[in-house]
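Engineer: Per our numbering, residue 1 is the first one in the sequence shown, and the count goes up by one each step.
None of these hints come from the bench; they were simulated from the model. There may be inaccurate statements among the hints.
[Unchecked claim] Just the calculated beta-carbon pair ranges, DEER-fashion: (1) 44 x 105: 27 to 35 Å; (2) 145 x 44: 30 to 38 Å; (3) 156 x 27: 24 to 32 Å; (4) 24 x 3: 25 to 33 Å; (5) 37 x 183: 17 to 25 Å; (6) 48 x 164: 21 to 29 Å; (7) 41 x 144: 31 to 39 Å.
Here a beta-carbon is modelled for each residue, glycine too, at the ideal position from N, C-alpha and C.
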Amino acid sequence: MQTQEELQGSLALANIMSVIWLGDWEQYENIFAKMPETLKNEFPFHPFYNREEVEIWYDNHFFVPGSFFIPPYFSSFCCQNKGAVEDSKKSLICLIGHYEKMGFYFPLEKNLYPDHLGCLMVFITSILQEQLKAVQSQNTELSDEMSTLKNEVLSDFLYPILEPLQKCAENRVKHPFIKEFLNYFCRNVEKEELLS
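Let's have the full structure, built from the sequences with the hints guiding it.
Structural biologist: Shown next, in the form of structure tokens:
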């Protein structure tokens, strides 16, 4: 079980990753403006942040189909065998079920597909918020339930796409901010340092 401080750290990290996956540069700048310089050094992508350049390359990599496009969707990387369409549908239905259970309507509110990596990260952020509240109120049962849900979302929807995402990005990523962010994201999720 994570301590309150560990949950706060996981929550902050999930929030940073969410705003990057969603391309919310205003929020990104707000987060880093309040962050101590020593902590900024922990994020290898941040020194390459130039809003104008990053906005253009974010669009090229995650929004505009073309030679640089890297789909930011779970369903683009999962279920790459026979029956992939059916498996993908089942996974999406399961994910939507998790969203409904938590009353998470962010994808609908933002008009995004539910399997967008930004939506997944915002969902994990909301799970962490609930887990933190449970820890603060000493509700062990709810804390354990949120921990189980978080681990299920990570293992079912993030871990399986890390390698395919890295392979897809390998020869397409041109901007160092995006490149360093993807490496950081995959490395931290893979090592289970993220949100564990």
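Engineer: Against this structure, judge whether each hint is valid.
Structural biologist: Structure-based check of all given hints:
1. 44 x 105: 27 to 35 Å: holds, 34 Å
2. 145 x 44: 30 to 38 Å: holds, 34 Å
3. 156 x 27: 24 to 32 Å: holds, 27 Å
4. 24 x 3: 25 to 33 Å: 29 Å Cβ-Cβ, so the 25 to 33 Å window holds.
5. 37 x 183: 17 to 25 Å: holds, 22 Å
6. 48 x 164: 21 to 29 Å: holds, 24 Å
7. 41 x 144: 31 to 39 Å: holds, 35 Å
Of the numbered hints given earlier, the model fails none.
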